[in-house]
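Now for the letters of each chain:
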Amino acid sequence: MLGVLLLCCVGLEGCSAQADGAVPGSGTDGGAPTPAPSSSPAVPGFSAQITPTIPPGPAGAASAPPGRIGRPAPSQRIRFIPTQVVLPGGAHAPVLPASTVAGQLQVPEGAHRVGWWDGGAEAGDPFGSVVLAGHVDTKTEGIGFFSRLKRIRAGETVVLHGAGHTASYRVGSIVSVPKNALATKSGAFAQMVGHRLVLITCTGAYDASRGGYEDNLVVTATAVGQAK
Amino acid sequence: MQRRSVSGKFRAVSRGAFSRIPGSVIRRVIPLLLAVTVAAAPAVLVAPAEAATGANLYIVQGLPGKSLDISIDGKTVATKVATAKMVGPFGVAAGKRMITAKQGATVVIQREVTVGSGASLDVVIHQPVSPTGAPVITTYTNKLDAVPADKGGLRVAHDAAVGPADILVNGKVTFANVANGESLEAVVPAATYKVAIVPAGATSPVVLGPLDLPIQAGYLTRVFAVGDPNQKTMTVALGTIKLPKTGSGTPGLVNTGTGGQAAGLDQAGSSAADDAGLWVVVVLAGLLAAAVTVRKVVRR
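Going down the list, the protein sequences come from chains A and B.
This note's numbering numbers the first residue of the first sequence as 895 and each following residue consecutively.
This note's numbering numbers the first residue of the second sequence as 3 and each following residue consecutively.
Simulated from the structure, these hints should not be mistaken for laboratory data.
Treat the hints with care, as some may be off.
[What the hints assert, rightly or not] Calculated cross-link-like contacts (lysine-lysine; reagent style DSS-like; alpha-carbon spacing at most 30 Å): (1) Lys196/B - Lys1079/A; (2) Lys247/B - Lys1079/A; (3) Lys234/B - Lys68/B; (4) Lys247/B - Lys196/B.
[Stated by the list, open to error] One side only, chain A facing chain B, incomplete, derived with CB under 7 Å: (5) Ser969; (6) Leu999; (7) Asp1012; (8) Pro1020; (9) Val1030; (10) Arg1042; (11) Lys1044; (12) His1055; (13) Ile1094; (14) Ser1103; (15) Gly1106.
All C-beta atoms, glycine included, are put in the ideal place defined by N, C-alpha and C.
Please model the complete structure; the sequences and the hints are all you need to start from.
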């Protein structure tokens, strides 16, 4: 019964709500409601425009108390796109948004910069993985910032900052997975999970002729409280 | 003329919306959709003509046992709106708009709401905390921020005649201590969630639910809890609005090492690495012992 009600409402609003996104850009009369010819409503009883019939101003009958303005509850979660990551020990690096192009995450250039996957969760969300990927090394700059993940231990804290907010995570697991199994087996990008932070870099044997490192190092950390 | 062209556009968009719904669902829901679409026709006709002025109003009828006629600035926009129904969007000019709800000839409530330019606003007619109190009107601004392709926006508003509540999602308190007139929002993966409302800090009695709440990818779903648990009139009103999309797809590959310099570093979680580390310690200890021996020798 409720299910039917829900589906019904969603169906209705899903289509009628389209008008929200289809607002015509051309204003016709500078913003004031246009009076409709009263003789030609398309549907009996309804005209195409909303015409004020109550004159504005103190003389009109238009005085009524204002409606309440809905407030966010005090427990409203803060969410933010991370712009800095702080690893255990205090070493920090800038975080930049990173997109997937042709199936590959475009981690920002520079051994000391970290990418935030733009299709994943933001810090503070109730569900989903916040995914950060960073270089273990680069040809030109040598050892990278995320080489520190090789020394990270369960129980240590990783902190994200962004837009004046902070979110803390406690490291739970550290695993290495074959690079070609990262997306399919590790769950690193999963969103239908409790909120968590996933840090990714490369590890294992290095063979330049076979695409570099053979494994990804995946560090998973769970949220400590809500983002502030 | 303007009306005709815009409603044509509307029809094209709604076909797109339907095509995203699985076939089996369409078959089950279409008769209902037809019925409600006809009922909503006035709303649709009003919206495009006024949309140029920038603001959209949705009106939620949250009063149990009432059938309300709704007018905006004195103009009737919907008649006989049943409990837990949402009507709209109604395109209006930004500024102060008068909302009047009548049952027959009786004015149930009349309030002035302030509408920002370009805003999308939900206007909820509902009971206050006290079940015997006069009806109130609360407005909520719809945040139409972009979401990733597989997620949707969710906003839950407490508009029921009951004290502060916790909202459980899949059995876990996801939104805590929400009072009448307050709301909470989040971006969540598209899925069907089990949602229940309980008194804040308690697990019973369940005020509402658990009920299945489908969150559609790419839409903002607004949920309004209305009614009075003591009168067993608790229910929800729902509405969705399409959101812009952001973010990229799931990566298949993450290449984060192009130099090879880190290949010699210790690796966490690898027994081979631990063994190597142990050997390093042994070798270092050996060297240290050797050095001490050498110093001792030199002193003699």
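Now for the hints, and whether the structure bears them out:
1. Lys196/B - Lys1079/A: 27 Å, holds
2. Lys247/B - Lys1079/A: 27 Å, holds
3. Lys234/B - Lys68/B: Holds. Lys234/B to Lys68/B sits at ~15 Å (cutoff 30 Å).
4. Lys247/B - Lys196/B: 25 Å, holds
5. Ser969: This hint holds: Ser969/A lies near chain B, its Cβ roughly 4 Å from the closest one there, short of 7 Å.
6. Leu999: At 4 Å from the nearest chain B Cβ, Leu999/A passes the 7 Å test, so the hint holds.
7. Asp1012: 4 Å, holds
8. Pro1020: The hint holds - Pro1020/A has a Cβ within 7 Å of chain B, the shortest such distance being about 5 Å.
9. Val1030: With a closest approach of 4 Å, the Val1030/A hint holds.
10. Arg1042: 10 Å, violated
11. Lys1044: Status holds, d = 5 Å.
12. His1055: 20 Å, violated
13. Ile1094: Result: holds, 5 Å to nearest chain B Cβ.
14. Ser1103: Hint violated; Ser1103/A Cβ to chain B Cβ min 11 Å, cut 7 Å.
15. Gly1106: Where the cut-off is 7 Å and the nearest Cβ of chain B is about 5 Å from Gly1106/A, the hint holds.
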